[in-house]
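Could you put together the complete structure from these sequences and hints?
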Amino acid sequence: MKTLLEILTAELDAPVSPVSGTFPATVPVCSVPRERFAEAARLLKRAGALLAAEWASDETHLGRGFGVYACYRRDSGYLIVCAALPLDDPSFPSLTRRFVPAYRFERQMHSLMGVVPDGHLDPRPWIKFEDWPEDAFPLRKTFDGSQALPRVAGEYVFGKAEGEGIYEIPVGPVHAGIIEPGHFRFQAMGEDIINLEERLGYVHKGIEKRFESLSWQEAARLAGRVSGDTTVAHSLAYCMALEAMTGCMVPDHAQWVRAVMLERERIANHLGDIGAICNDVAFAFMLYQTMRLKETMLRTNKEIFGHRFMMDCVVPGGVAAGLDAQYKAVILEELSAVEDEFERLVMIFDENSSLEDRTRSTGILSAEEARDLGMTGLVARASGMQLDCRKDFPFAPYDRIPVNIPVMSAGDVHARAWVRIEEVRESLRLIREMISTMPKGQRSAPVGSPAADTTGFAAVEGWRGEIIYWLQSGPKGEINRSMVRDPSSLCWIGLERCVLGNIVPDFPLCNKSFNQSYSGNDV
Amino acid sequence: MSFYYLFVELLQVVLLLALAPVFLGWVRMVKCWAQGRTSAGLFQPYRDLAKLFAKEVLLAENASWIFRFTPYLVFGTAVLAGAIVPIITVDLPLSPSADVIVIIGLFAIARFFTALAGMDIGTAFGGMGSSREMMIASLAEPAMLMAIFTVSLANKSTSLSQIVQVICTTGASIKPSLAFALLAFVLIALAETGRVPVDNPATHLELTMIHEAMILEYSGRHLALIEWASAMKLFLFVSIGIAAFAPWGIALANEMLSLPLALLFLVLKFAVAGVGIVLIETGLAKMRIFRVPEFLGAAFMLATLGMLSFFILD
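Respectively, the protein sequence lines represent chains A and B. Taking my numbering, the leading residue of the first sequence gets 14, the next gets one more, and so forth. Taking my numbering, the leading residue of the second sequence gets 1467, the next gets one more, and so forth.
Hint data in this document are derived by calculation from the structure and do not stem from the laboratory. For clarity, every value in this text was computed on a predicted model and none was experimentally measured.
Calculated pairs, SDA-like style, for lysine to any residue (alpha carbon to alpha carbon, straight line, at most 20 Å):
hint, chain 1, residue 1, chain 2, residue 2
1, A, Lys-307, B, Arg-1503
2, A, Lys-58, A, Val-113
3, A, Lys-307, B, Thr-1504
Now the structure itself:
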């Protein structure tokens, strides 16, 4: 089968020139004339590719204008297509006609970078708020982040349904539970949801801008704070991108420890989610039991890695602390205890018919919709898409320890819960295998500085799904741009879709079964 | 003798006011144990009420008199119902003046005003809760009447005091009609008092709420009164259940001296009832809201079967 790059080179009616200075070599980057940016998307879509990310970079310090980038994925291959935009006319053809995820990516690019997607139907800001000046583009180099922005009048107009018996329910941004902020606007007829519109951005922290003022080492700590519940996967993705740029060979021992932490993070979060899904249908017993199991894992994390969520445990070049025999025994012992209790809870989950009545056929996202919307991670796997970076784009030790990917076809709340259950089981198995095959050695290797004007890319399967980092160095080898793509940036839109035709009181259940990150989306 | 009547009437009301939060605390306590947690103790509902009474009332700008009046009305009807239901004795002066249909009517008035108050302040959640509550009420109230009529037929009276007197003096007999009516009553009581599997009193998810959605805008003493009244409603439904199906131990007419014994029986029966509620609530998930009509339909069917079997078998 031809690679995406070969297909694009053969079929695009314009020159496709490979870009040099991009790492790793397995992820090709090519540039096309900006008029053909959307045409490239069309060809790649026909070839079966999905849009994984789209972003812009201010490259004025590198002596160019803006660059727009689109990252495509098909099976095990990634391809990044870029186009250069001049400073005085930073517009490019929108990809929204081909790919749904481009819809929010491009609004965000427009809001924060000031590049204009031609043909985009929705001019409303995204992530940026309407009371910011329209010409304030925080990600541009000319923008001074230390100055307070003046507030201006602005209105965000939501889609509205009209007619007899239609009513609107605004929910949030501050919710009743202790969760992150986000606004949901429902149009409902009786109890039936006829439209849901999400409004996110309330936890925009300017992380991508902040990256640009940090050193490469400090930035690893920032990456670990993009989404607190996914700190291992985010720092890992950042470190892998940086290591690719600097040609750093991470010691095997460190690779294995990283994977153990990644799987522990997955288990802990899935446990919490399984309980929370049950709690939303008033089956509180499950919540308290899974939270108890999660808590024991977090305490072990604290004992072994020094932090409950293993924050800052992945560092550029390796890990902050290795795993010795004593701690391996602790982990193995705990795994058996957790597994034993977990299986008993799964039996309760599986055999309680009132629970099953609520989760089955609620919030269905069909395989076709999931593909069209470009879902990733466990949401995609619950809707029949076999996608997992650990299998498709394996990094050590997953290239040596094969991962079984659970895929369900129903696409409902039950499937998303069950994918989590199967992933916990698989992660328990993986950790055992990793511990038994873990090589001895150094815990980290020195990391150099990236050369000027190079880029690094990494994709890591966090517990929500594929996390992508794309780093670009400036003329002095400093951070020029750090693009963060949490799986939430893709999957939030799936929630809007899956609740259609469901009833209002089932929304929290659907939402919990997705459990996307607000912070990761809003960066 | 008239002093005695006044005394028991007051005693009943005081017991209701004092024990309703404790019973709620008991249910929560057993629930915690069933989930493997440490509980906050029997008296946590008291602490909650004390906290709410101490807090300021925040009123929506467009709240009308209905919104301000409803908490007092809901509280008042619950207290009044407590003066009619034989909790520890049948010697209630108010009892001859009002039968069980009136009690259901009192609850209906409270519900009607709560639903109005939910819509009064004009939030989306309030209206949503009111519409759901009225849907459930329209199905629960007829079923409740059906179940009570079955018991009334078996005991030849619609007055709860009279029913208790008849059951306790004629001795126990197992009647199929009463078994059907009891089952129906349990299902309806779960719906009426907003327990799992119909509603979830512990949820913070506004979109899933029924009763809680209507009272979401209440605060301070208003909320305290409503919460207290909800606890009393739960207490009263258990009391009605006890009076209609297992009244043994309640002091009968002119049995002044058996009052302490009646109190003991009361505590025991409520302890058991609390465990029963917890078993149901822990073992079941909340049902999808459009399953509630089926659930209450089943209750209505059971009550009807009870009535039919009374005519055929008893």
